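**Student:** Sequence:
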Amino acid sequence: KSKQQTGAKGIKDRVLPQQERGIWLTLIDHLQRQDKLPVVAFTLSRARCDNTASSLTSLDLTTAVEKGDIHQFITKCISRLKGPDRKLPQVLTLTELLKRGIGVHHSGILPILKEVVECCFANGWVKLLFATETFAMGVNMPTKTVVFSSIRKHDGRDFRDLIPSEYTQMS
Numbered sequence: 056k057s058k059q060q061t062g063a064k065g066i067k068d069r070v071l072p073q074q075e076r077g078i079w080l081t082l083i084d085h086l087q088r089q090d091k092l093p094v095v096a097f098t099l100s101r102a103r104c105d106n107t108a109s110s111l112t113s114l115d116l117t118t119a120v121e122k123g124d125i126h127q128f129i130t131k132c133i134s135r136l137k138g139p140d141r142k143l144p145q146v147l148t149l150t151e152l153l154k155r156g157i158g159v160h161h162s163g164i165l166p167i168l169k170e171v172v173e174c175c176f177a178n179g180w181v182k183l184l185f186a187t188e189t190f191a192m193g194v195n196m197p198t199k200t201v202v203f204s205s206i207r208k209h210d211g212r213d214f215r216d217l218i219p220s221e222y223t224q225m226s
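Under the working numbering, think of the first position of the sequence shown as 56, with each following residue one higher.
By construction, these hints were calculated from the structure, which means they are not laboratory data.
This structure is a prediction, so every number in the text was calculated from the model and none was measured.
From the three backbone atoms N, C-alpha and C, an ideal C-beta is built for every residue, glycine too.
Every clue listed holds true.
Straight-line Cα separation of at most 25 Å, DSS-like style, residue types lysine-lysine; simulated pairs: (1) K199 with K122; (2) K154 with K122; (3) K142 with K154; (4) K131 with K169.
Here are the simulated distance ranges between beta carbons: (5) D115 with T200: 15 to 21 Å; (6) P197 with V120: 15 to 21 Å; (7) S134 with A177: 18 to 24 Å; (8) I206 with K131: 36 to 42 Å; (9) R207 with T130: 37 to 43 Å; (10) Q89 with M196: 15 to 21 Å; (11) G163 with H85: 28 to 34 Å; (12) L71 with S134: 39 to 45 Å; (13) H85 with S134: 34 to 40 Å; (14) A102 with L80: 17 to 23 Å.
Based on the sequences and whatever the hints tell you, model everything.
**Tutor:** If you want it as structure tokens, here you go:
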């Protein structure tokens, strides 16, 4: 039987996908009203980065002009890929997310797409970036806010709390 993770005061710290979606939408709305975007949301799980970003279907953080600029930039970048590779699910999904100002960055993303995400973020087109700690490695980006979905990570063997140097690197 797996151990149940508990947060402060022994309360179970798992939420349902719909609840998590609502939390993210509320948080992003608050940050947007406070002029605290762009935000990097360190999620510490590749699958969770992908799933959370994909769940925010109603969230659109870009203007019509930005959408055009993003489309033009992505089209130019993915033209370097071979024909069939341009239609990979990851390419299509990330393209649609980026047009809405949402990015995903982790080790499971194609290198060219990670570069596209980084460039879009640097240009101010990505307002919400779901990333694992690999994004923090030597990357200096124009972030106003950093959010951690958890302070626990899997280290290859077990789950553990982030150590102070990992937290500092990401924040």
